[in-house]
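Q: Chain by chain, the residues:
Protein chains: 2
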Amino acid sequence: MLKSFGVSLLSGGLDSSTVTAYAKTRIDNLTSLTFLYGQTHSKEVECARTISSNMGIQHKLIDVSFLREVAWYSALTNPNEFSIPAGRGDDEIGLGIPISYVPMRNTIFLSLASSYLESQILHAIEVDRLDTSQIKAYIFMAPNEIDYSGYPDCRPEFYEQFSNILKVGSKLSSQYEIQISIETPIIHKSKAQIVKMAVELNVPLHHTWSCYMGTKEPCGECDSCILRSNGFREAGIIDPLITGTGI
Amino acid sequence: MLKSFGVSLLSGGLDSSTVTAYAKTRIDNLTSLTFLYGQTHSKEVECARTISSNMGIQHKLIDVSFLREVAWYSALTNPNEFSIPAGRGDDEIGLGIPISYVPMRNTIFLSLASSYLESQILHAIEVDRLDTSQIKAYIFMAPNEIDYSGYPDCRPEFYEQFSNILKVGSKLSSQYEIQISIETPIIHKSKAQIVKMAVELNVPLHHTWSCYMGTKEPCGECDSCILRSNGFREAGIIDPLITGTGI
Numbered sequence: 001m002l003k004s005f006g007v008s009l010l011s012g013g014l015d016s017s018t019v020t021a022y023a024k025t026r027i028d029n030l031t032s033l034t035f036l037y038g039q040t041h042s043k044e045v046e047c048a049r050t051i052s053s054n055m056g057i058q059h060k061l062i063d064v065s066f067l068r069e070v071a072w073y074s075a076l077t078n079p080n081e082f083s084i085p086a087g088r089g090d091d092e093i094g095l096g097i098p099i100s101y102v103p104m105r106n107t108i109f110l111s112l113a114s115s116y117l118e119s120q121i122l123h124a125i126e127v128d129r130l131d132t133s134q135i136k137a138y139i140f141m142a143p144n145e146i147d148y149s150g151y152p153d154c155r156p157e158f159y160e161q162f163s164n165i166l167k168v169g170s171k172l173s174s175q176y177e178i179q180i181s182i183e184t185p186i187i188h189k190s191k192a193q194i195v196k197m198a199v200e201l202n203v204p205l206h207h208t209w210s211c212y213m214g215t216k217e218p219c220g221e222c223d224s225c226i227l228r229s230n231g232f233r234e235a236g237i238i239d240p241l242i243t244g245t246g247i
Numbered sequence: 001m002l003k004s005f006g007v008s009l010l011s012g013g014l015d016s017s018t019v020t021a022y023a024k025t026r027i028d029n030l031t032s033l034t035f036l037y038g039q040t041h042s043k044e045v046e047c048a049r050t051i052s053s054n055m056g057i058q059h060k061l062i063d064v065s066f067l068r069e070v071a072w073y074s075a076l077t078n079p080n081e082f083s084i085p086a087g088r089g090d091d092e093i094g095l096g097i098p099i100s101y102v103p104m105r106n107t108i109f110l111s112l113a114s115s116y117l118e119s120q121i122l123h124a125i126e127v128d129r130l131d132t133s134q135i136k137a138y139i140f141m142a143p144n145e146i147d148y149s150g151y152p153d154c155r156p157e158f159y160e161q162f163s164n165i166l167k168v169g170s171k172l173s174s175q176y177e178i179q180i181s182i183e184t185p186i187i188h189k190s191k192a193q194i195v196k197m198a199v200e201l202n203v204p205l206h207h208t209w210s211c212y213m214g215t216k217e218p219c220g221e222c223d224s225c226i227l228r229s230n231g232f233r234e235a236g237i238i239d240p241l242i243t244g245t246g247i
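Each protein sequence line maps, in turn, to chains V and F. When we follow the working numbering, the leftmost residue of the first sequence carries the number 1, and every step to the right adds one. When we follow the working numbering, the leftmost residue of the second sequence carries the number 1, and every step to the right adds one.
Calculated from the structure, these hints are not laboratory results. Hints are not guaranteed to be accurate.
Selected chain F positions facing chain V (Cβ under 8 Å, derived; list incomplete) [said to hold, decoys possible]:
1. I108
2. L112
3. E200
Per the computed footprint, the stretches of chain V lying under chain F, defined by three or more beta-carbons under 8 Å from a beta-carbon of chain F, are [said to hold, decoys possible]:
4. 53-67
5. 218-230
Away from chain V, derived, C-beta distances all over 12 Å, residues of chain F [said to hold, decoys possible]:
6. S65
7. K171
8. S190
9. Q193
10. D223
11. I226
The beta-carbon is built from N, C-alpha and C at its ideal position, and this holds for glycine as well.
In isolation and in its complexed conformation, chain V is listed as follows (with noise of 0.2 Å):
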């Protein structure tokens, strides 16, 4: 019988979450990882724990806190020092990458999610004695090109490349010729798009977390704000965080 092992990077946010409930319908053994750093707060962590329950799915935590170290030089490790600005304009995107960008962040996060799973799976066939040929695995990830234009690791030939580094420089592909396939659902859409989706895979929306903030109520003002606001009146859709009406 084919078993599938997926592990969806979930931030608790509107992307990840769809596309946490996507690889939930592709995936027999899913696994939602969201990574703890800079200016994840616990509001955000809560909201992954939440929505991963709600979707019956297994939820790790990784503490990445060390990255402000390692990717130093940016707004969203070290936000104290080099601070974001404010409500970024559609005349300054082309003028370069911003200051929020984490050097090399999914470059790391592709890394830790295929050890994971490449651990997981690795135990399934060399103890739990799992035929190597029932096997498929994914890593599932919510760039967009749209919203993060600017953004290299946010454009498809990144993943591309990624894949090959999967081909050559792992254990399950070397030794067992399996291939962990990047899956980037969302990479094309825009927000409306992705509100639509979220509906359609019954997303629970109100337990989703957009903001910067970590406050009670979405701040409505940060660049995640906007984003998600437009979306959903482009969709025409009522988001259910910001009425308290729930879906």
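Starting from the known structure of chain V, arrange chain F on it as the hints suggest.
A: Leaving out everything else, chain F in the frame of chain V:
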């Protein structure tokens, strides 16, 4: 004036110390990075620190002990659960990648090394206003395909693929057209050749530590001690660590 930035991954062993000494001859601003995880013991960390100080370069210790939960299926990250087979004989090579393999280890280490190097260089450009056309960037690493022929992430094609990640996935490359080069100067060398190279480069061999154990004297029995001992014998050089003669 041309300025070269580099990081060198330094465990404190013979191989990485030799590569770091080689890097020192080529790089203006060199930092050695030591990753602390799993079986790393304080002896190795102390050696890495002493060697860096001896070479007059900056040293950075990065605690990645959380890898025991991520790259969990390995005798190196979880020695109590999965044990390292004693003395790997020639007849065992080819039987597969051993349990000492750490899933995606070199991908994780290269991601972190490139993130740190990118942070340093972005800061030099955007804060210190260094001229981008004058900057060269390098990561030095000490994989060896002879000693670790079974490890997928010790082969040249893995490093070629990771270079492509740096080409498409970094701000340095996308915005400033600076390509980080990955240097693996001992990848094709025998242990005897590495010993000779170390002597030529004045590596403080009496401070290097190759043994898996953190005891006062090397055990002389683990894979690493045997590889080192054979290398010195074939090179016709006395290991100062064993004789206590120093160099």
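Q: Of all the hints given earlier, name the ones this structure violates by number, lowest first.
A: 3, 5, 6, 7
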